[in-house]
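**Q** Read off the chains here:
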Amino acid sequence: MPQVLFSHVSKSYTAQARPDTLLDINFHVNQGESLAIVGPSGCGKTTLLRMLAGIESVTKGEISIAGKVVNNLAPAKRGLEMVFQSQSLYPHMTVQQNLSFGLLNKRLKRAEIQHRVKWAAKLLDIERFLTLYPHELAKGERQRVAIARALAPQTPLVLFDEPFEHLSGEIRSHLRLELIRIQRQLGTTMIMVTHDHEDAMGFADRMALLSQLDASSHTNLEQIGPPLELYHHPRNIKVASFVGKPKMSFFQAKLTDKANPTSTIALSNGETLSVSADTRHGEEGEYVTLGLRAEHIELASSAAAGQIHGQVIGIERFGSDTFVYLEYQGEQIAFRCDPHQNLPSSSQLALKVSPQVCYLFNHQGVAYPRTVEHLYT
Amino acid sequence: MKGMIKAVATHAGLLLASATVLCPLFIITWLSFGAPGLGGNLATLMHWKLLFNLPVTTVNGELLTPDLPALTWLWNSLRIALIFAVTATALAAMSAYALVRKSFIGKRVLNRAILLVQFLPSVLALVAVYILLRKVGGYFPLFGVNSPLGLGLAYLGGLAFYIWILKGQITNLPSTFEESARISGASQWQILWRVIIPLIMPGLMITFLIAFAMAYSELPLATILLQDKQSYTLAIGAGQYLAQQQFYWGEFAAFALLSSLPAIFLLLLLQRWLLRANRY
Numbered sequence: 001m002p003q004v005l006f007s008h009v010s011k012s013y014t015a016q017a018r019p020d021t022l023l024d025i026n027f028h029v030n031q032g033e034s035l036a037i038v039g040p041s042g043c044g045k046t047t048l049l050r051m052l053a054g055i056e057s058v059t060k061g062e063i064s065i066a067g068k069v070v071n072n073l074a075p076a077k078r079g080l081e082m083v084f085q086s087q088s089l090y091p092h093m094t095v096q097q098n099l100s101f102g103l104l105n106k107r108l109k110r111a112e113i114q115h116r117v118k119w120a121a122k123l124l125d126i127e128r129f130l131t132l133y134p135h136e137l138a139k140g141e142r143q144r145v146a147i148a149r150a151l152a153p154q155t156p157l158v159l160f161d162e163p164f165e166h167l168s169g170e171i172r173s174h175l176r177l178e179l180i181r182i183q184r185q186l187g188t189t190m191i192m193v194t195h196d197h198e199d200a201m202g203f204a205d206r207m208a209l210l211s212q213l214d215a216s217s218h219t220n221l222e223q224i225g226p227p228l229e230l231y232h233h234p235r236n237i238k239v240a241s242f243v244g245k246p247k248m249s250f251f252q253a254k255l256t257d258k259a260n261p262t263s264t265i266a267l268s269n270g271e272t273l274s275v276s277a278d279t280r281h282g283e284e285g286e287y288v289t290l291g292l293r294a295e296h297i298e299l300a301s302s303a304a305a306g307q308i309h310g311q312v313i314g315i316e317r318f319g320s321d322t323f324v325y326l327e328y329q330g331e332q333i334a335f336r337c338d339p340h341q342n343l344p345s346s347s348q349l350a351l352k353v354s355p356q357v358c359y360l361f362n363h364q365g366v367a368y369p370r371t372v373e374h375l376y377t
Numbered sequence: 001m002k003g004m005i006k007a008v009a010t011h012a013g014l015l016l017a018s019a020t021v022l023c024p025l026f027i028i029t030w031l032s033f034g035a036p037g038l039g040g041n042l043a044t045l046m047h048w049k050l051l052f053n054l055p056v057t058t059v060n061g062e063l064l065t066p067d068l069p070a071l072t073w074l075w076n077s078l079r080i081a082l083i084f085a086v087t088a089t090a091l092a093a094m095s096a097y098a099l100v101r102k103s104f105i106g107k108r109v110l111n112r113a114i115l116l117v118q119f120l121p122s123v124l125a126l127v128a129v130y131i132l133l134r135k136v137g138g139y140f141p142l143f144g145v146n147s148p149l150g151l152g153l154a155y156l157g158g159l160a161f162y163i164w165i166l167k168g169q170i171t172n173l174p175s176t177f178e179e180s181a182r183i184s185g186a187s188q189w190q191i192l193w194r195v196i197i198p199l200i201m202p203g204l205m206i207t208f209l210i211a212f213a214m215a216y217s218e219l220p221l222a223t224i225l226l227q228d229k230q231s232y233t234l235a236i237g238a239g240q241y242l243a244q245q246q247f248y249w250g251e252f253a254a255f256a257l258l259s260s261l262p263a264i265f266l267l268l269l270l271q272r273w274l275l276r277a278n279r280y
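Going down the list, the protein sequences come from chains W and Z.
If you count the first sequence from 1, position 228 lands on 228 in the UniProt record's numbering, and the numbers rise without skipping.
If you count the second sequence from 1, position 63 lands on 63 in the UniProt record's numbering, and the numbers rise without skipping.
Check each hint, because a few of them may be wrong.
[Unchecked claim] Here are the simulated DSS-like cross-link-like pairs (lysine-lysine), alpha carbons at most 27 Å apart as the crow flies:
{"#": "1", "chain 1": "W", "residue 1": "109", "chain 2": "W", "residue 2": "122"}
{"#": "2", "chain 1": "W", "residue 1": "254", "chain 2": "W", "residue 2": "352"}
{"#": "3", "chain 1": "W", "residue 1": "122", "chain 2": "W", "residue 2": "106"}
{"#": "4", "chain 1": "Z", "residue 1": "102", "chain 2": "W", "residue 2": "106"}
{"#": "5", "chain 1": "W", "residue 1": "60", "chain 2": "Z", "residue 2": "107"}
{"#": "6", "chain 1": "W", "residue 1": "77", "chain 2": "Z", "residue 2": "49"}
{"#": "7", "chain 1": "W", "residue 1": "77", "chain 2": "W", "residue 2": "106"}
{"#": "8", "chain 1": "W", "residue 1": "139", "chain 2": "W", "residue 2": "77"}
{"#": "9", "chain 1": "Z", "residue 1": "167", "chain 2": "Z", "residue 2": "102"}
{"#": "10", "chain 1": "Z", "residue 1": "49", "chain 2": "Z", "residue 2": "135"}
{"#": "11", "chain 1": "W", "residue 1": "68", "chain 2": "W", "residue 2": "118"}
{"#": "12", "chain 1": "Z", "residue 1": "135", "chain 2": "W", "residue 2": "60"}
[Stated by the list, open to error] Sample of chain Z residues lacking proximity to chain W, with all beta carbon distances greater than 10 Å (derived):
{"#": "13", "residue": "16"}
{"#": "14", "residue": "24"}
{"#": "15", "residue": "149"}
{"#": "16", "residue": "201"}
Keep in mind that the hints were calculated from the coordinates and are not lab data.
Backbone N, C-alpha and C fix where the C-beta goes; we use that ideal spot for every residue, glycine too.
Whole structure, please, built from the sequences with the hints as guidance.
**A** Written out as C-alpha cells, the structure is:
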C-alpha cells in the first residue's frame, strides 16, 4: 500500500470550470521513499504539498495517506510534519521550546518529550543551540532546527517546502547530504518541493516534474520517475529542458527519414544527422526539435568535420569542467569540454555529435523514444 | 569649524524644543506649590494637602476643608481606563485575527467598513448613547448610567480603531507560524495564546496604551454618562476646580500633576515591550 496517493487531484483558486492551478494529478509515494517535486515557479508544486499537509483545500479528487482519504482531515491528524521555506521557528521560544512545541501538543510525557528533543537535536547536530533563540542562529543553523523540529514527533511522513532555498552553496549541499543520510537512517517517507534540479536529483529516489498549467494540457504533472529516468528519457521538451545543467540545447530540424532504431534529420544549415530514436509514428518532412546535452557535444577536429558551427559567447572554467556557450542561429548552445583541452582561439567553433546521444521531439514537443541500449532504463 | 557650528545649532534647536515642551510642565509644577515669588507668595504644600483630603490652616488662621473628592476621581479614571484598555485590546486582538486570517461571509465588506465607522463623529451620538445606556441600566444596573462599566461599554463603540491597528500587525505576521502550529497539532486557542499573542506583543502594548490614554482623559461621553459627583472621572473633575466663581489654580495644577503620574508610570512599565523589535 502506498504511503501517499494522489488520485485525480485538481486545485483551483477561482470559480472557473477548468482548474487554474493543478489539474488531474495522479501519483503515489511508497513507504520510506524520498520524492522530489520540481518545476518552475508558479507551477503549483508548493500548493500540492500544502494540500497534502492539509493547510490548503482540495478542489477535486482525493488525497490518501496510508490508505485513508484525508481530504477533510485536520492537518494535525494526518500523521505528518512539515519544514517550511521561510522562517517558521517561533521567534519568542528557544530552540528547545521550539522542538518541544509539537510534542507538548501531542500530550506526551515530560521524559518522552525530553528524550525526543535530545534525539532530534543530536540527529541534526544542534545540541549546543538548545538554549538559544532563533535570531541568534545563522540561516543554515535555523534550517537545521526547523528540520529537527519536524523530525522530533517521529511521524511517518515529513514534507519539505524548499528547505534549502535561502542557503548558500556549501551549507546547502552539506545539509542536503545530511538529509539524505537521515532519510536512509530513519526510513521516513519524505516529500520535498524544490525548484532546484540539483537538490531534487541529489536527494530523491524519485522525482515528479510539474509545469505551469496551460490551456491545452490535460495535467500539469509532466513526468514522475527516478531522476535519471527523467534525465535520459524525458517525456517532452519541458522535462528535458528542466532537468540537467547547463540546460539542454535545442535545434530546429526536419525529419527526413522516419525509422527505427535510427532516424535521419536535416538541420536548417543543410547538415544531415543520424539520431538513435524511434520515429515510426512521426511524419517525414515534419518539423522536429533536436536536443543535445552539454556533455554530448564535442569539438570537431576541423572546421570541415563540424556539423554545427557556432559563435562563442562565453566560457566558464570550473577546473573539473569547462563549459562553452555558443550562439547558433539565434539559439544558445552549451557544451562541456575537457578542461585540459586547448580551445582554438577563433571565435567560431565547429562541433559534432554522435547519433546515440541525441534527443528528438516532435513538433508538439513530445519525445520520440530513444533507442540507445546502454542508457539508463 | 563648519561641523562645530552645525553641532551647536542642532543642540540649540533641541534645547529650544525641549524648553517649549517642558515650559508648561514647569509652570504647572510651580503653580501647584503656590506660585512662590509671585506677588509675595510663599512656597506651600497647601494645594497638595487639599488634594489628599487633609485639612489646611492658612496664614490668616483660616481653616480650609477639602470639598472635592479628587482621589476618588483619579481612582475612577484609572479603573475605567484599565478595564477599558484590557477589554478593548482583547476584543480587538480577536476581531483583528478573525478579520485577517479567517474566511467568513461578509469579511470583505466588514474589512472595508471598519474605518468608515470610525469616521462618524461619535460625539454626535451622545444623546443616543445616553438613552441607550439608561435603558440598559434598567435591566443591568451595572452597565447603566453613572457606572464605570457603562462608560466602558460606550467607549467600546470606538473599538474599530483598535481593530484597525492590530489588523496591520497580524497581516504582517507570516502565516507559516500558524500553519506550522496547526500541523503540529496546536488548537485554535493555543495558536492564539502561544504563537500569535507573543508575536504581536508590541502591537498589543501600543493598542493597550492608546486605549488607556483615550479612556483616561476622555471628556464628552464621560460628562454625559456620569452625572453623580462621586462617579466623576478626572477629566470632568479637573473642570470643577475652574468652573466655579473662583479658579483654584493651585489645586488644579496639583491635580493635573498627580493624575498624569499613573499614565507615565504605565508607559515606563510597558516601554520594554514597545522597544523590542520584531524578530521574525
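**Q** Take the hints in turn and mark each one as holding or not.
**A** Each hint tested on the structure:
1. W:109 <-> W:122: holds, 20 Å
2. W:254 <-> W:352: Judged against 27 Å, a Cα distance of about 18 Å means the pair holds.
3. W:122 <-> W:106: holds, 21 Å
4. Z:102 <-> W:106: Measuring from Cα to Cα gives roughly 25 Å; hence the hint holds.
5. W:60 <-> Z:107: Within the cut-off at roughly 25 Å; holds.
6. W:77 <-> Z:49: Distance ~67 Å between residue 77 (chain W) and residue 49 (chain Z) Cα, so the pair is violated.
7. W:77 <-> W:106: Status holds; Cα separation ~11 Å.
8. W:139 <-> W:77: Violated, at about 30 Å.
9. Z:167 <-> Z:102: This hinted pair holds, its Cα atoms lying about 12 Å apart.
10. Z:49 <-> Z:135: violated, 41 Å
11. W:68 <-> W:118: violated, 32 Å
12. Z:135 <-> W:60: violated, 54 Å
13. 16: holds, 40 Å
14. 24: holds, 40 Å
15. 149: holds, 34 Å
16. 201: Answer for residue 201 (chain Z): violated, closest chain W Cβ roughly 8 Å.
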